[in-house]
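Let the hints inform the model, and build the full structure from the sequences given.
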Amino acid sequence: DAGVTQSPTHLIKTRGQQVTLRCSPKSGHDTVSWYQQALGQGPQFIFQYYEEEERQRGNFPDRFSGHQYPNYSSELNVNALLLGDSALYLCASSLARGQRNLNTEAFFGQGTRLTVV
Amino acid sequence: QKEVEQNSGPLSVPEGAIASLNCTYSDQGSQSFFWYRQYSGKSPELIMFIYSNGDKEDGRFTAQLNKASQYVSLLIRDSQPSDSATYLCAVNKGYGGATNKLIFGTGTLLAVQP
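Which chain is which? The protein sequence lines are A and B, in order. To convert, note that position 32 of the first sequence is 129 in the working numbering; the numbers rise steadily by one, no gaps. To convert, note that position 32 of the second sequence is 209 in the working numbering; the numbers rise steadily by one, no gaps.
Incorrect hints may appear among the rest.
On the chain B side, residues computed to face chain A include the following (Cβ under 8 Å) [to be verified]: (1) Tyr216; (2) Ser220; (3) Pro221; (4) Leu223; (5) Arg237; (6) Leu279.
Simulated from the structure, these hints should not be mistaken for laboratory data. Remember, predicted model here, so these are calculated numbers, not experimental data. All C-beta atoms, glycine included, are put in the ideal place defined by N, C-alpha and C.
Written out as structure tokens, the structure is:
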């Protein structure tokens, strides 16, 4: 049973460029969330996709966008890269369980280390 | 005030001792809470979740939740050098049919001394 997989594992981009990161959720999961983790900080929620729609969004600019496919895999796109976008980007998958969402668990992929130069 | 606060540490404990990691949160309406372990350069790994007041035990780990005081803690019994990592506390702010908008603290670095 494959866990959450992300690609690529490492990436170096130049300021102003665009990047696409990819995530395949754990088998049986239907919800994908993206997080950004800067060095020495906890992960920060970017947004979440469920049923191919963005459902919740954190405090990130519109340069950050995403997509979810019918097979539940997801992409994170970042336009006009800034030096400050250098971070570990984490994808987490989980299973939606109705309205209360009390004891759902999110599992993380290995992350993509993005360096902007 | 941050939504989730943790002491950044490092917390140093001798091998075999109990390590106690603490976390406070600001939103009284928070329902579920998670502890993740993160080794340097790796992604977070789920240890436990808790949503009812009291204790929840899983092997050497015990999560404790006190909603009245708005704190969550993680106890690690018989600490091993392999437990040395950053421990992240997270609060679930998800709503509706989607799940798990996790708000993380900055993490506590635990160092278990052999």
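| Restraint check, 8 Å cut-off on beta carbons, for arginine 237 of chain B near chain A | violated (19 Å)
| task | Please verify that hint: tyrosine 216 of chain B, Cβ, nearest Cβ of chain A, below 8 Å or not. | result | violated (11 Å)
| said: Checking hints one by one. Is leucine 223 of chain B an interface residue toward chain A, by the C-beta closer than 8 Å rule? | reply: holds (6 Å)
| message | Quick check on the hint: leucine 279 of chain B CB to chain A CB, less than 8 Å? | response | With Cβ-Cβ at 6 Å, under 8 Å, it holds.
| message | Checking hints one by one. Is serine 220 of chain B an interface residue toward chain A, by the C-beta closer than 8 Å rule? | response | holds (4 Å)
| task | Tell me if proline 221 of chain B is really an interface residue toward chain A, meaning its C-beta lies closer than 8 Å to one of theirs. | result | For proline 221 of chain B, the interface hint holds, since the closest Cβ of chain A sits about 5 Å away, which is under 8 Å.
The structure fails hints 1 and 5 (numbered hints given earlier, in ascending order).
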